[in-house]
Amino acid sequence: MNDLIDVPRGLNGVVVAETAISDVDGEAGVYHYRGHSATELARTRSFEDVWHLLVVGALPDPDAADVFAARIAATRTDPRMPDLLAAVAARTDQPLARLRAV
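As numbered in my numbering, residues 1 to 102 make up the sequence shown, in order.
The hints are simulated quantities; they were obtained by calculation from the structure and are not laboratory data.
Derived Cβ-Cβ restraints for the label pairs, each shown as a range:
1) Ala28 to Ala90: 32 to 42 Å
2) Ala64 to Ala90: 37 to 47 Å
3) Ser46 to Leu96: 16 to 26 Å
4) Leu96 to Asp25: 12 to 22 Å
5) Arg91 to Pro62: 34 to 44 Å
6) Arg80 to Trp51: 17 to 27 Å
7) Asp25 to Pro82: 33 to 43 Å
8) Ala58 to Asp93: 33 to 43 Å
9) Tyr31 to Ala58: 14 to 24 Å
10) Ile21 to Asp61: 13 to 23 Å
We put the beta carbon where it would ideally sit given N, CA and C, even for glycine.
Construct all of the structure, not just a fragment, from the sequences and the given hints.
Structure follows, in structure tokens:
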């Protein structure tokens, strides 16, 4: 159990769909993105590196990471984002539902 959100063991009850970019084995407690352990990615890679993995299909080398970070920088400063996040947060008391919506 996480102090911030209650995540069901094995993603029990979490809405999911078929995907070609991840693999979940809830019984074993294993989750992978494009063949990489989600736990190891969270421990060792930046948010931007994982974003690159999901969008481009591979982890970036340092040069590709710099180019990708510059490319996505504008998406982090959209002036509409605070209002969007506030609107989504007000719609449900389920943290995972909010995260999915955003």
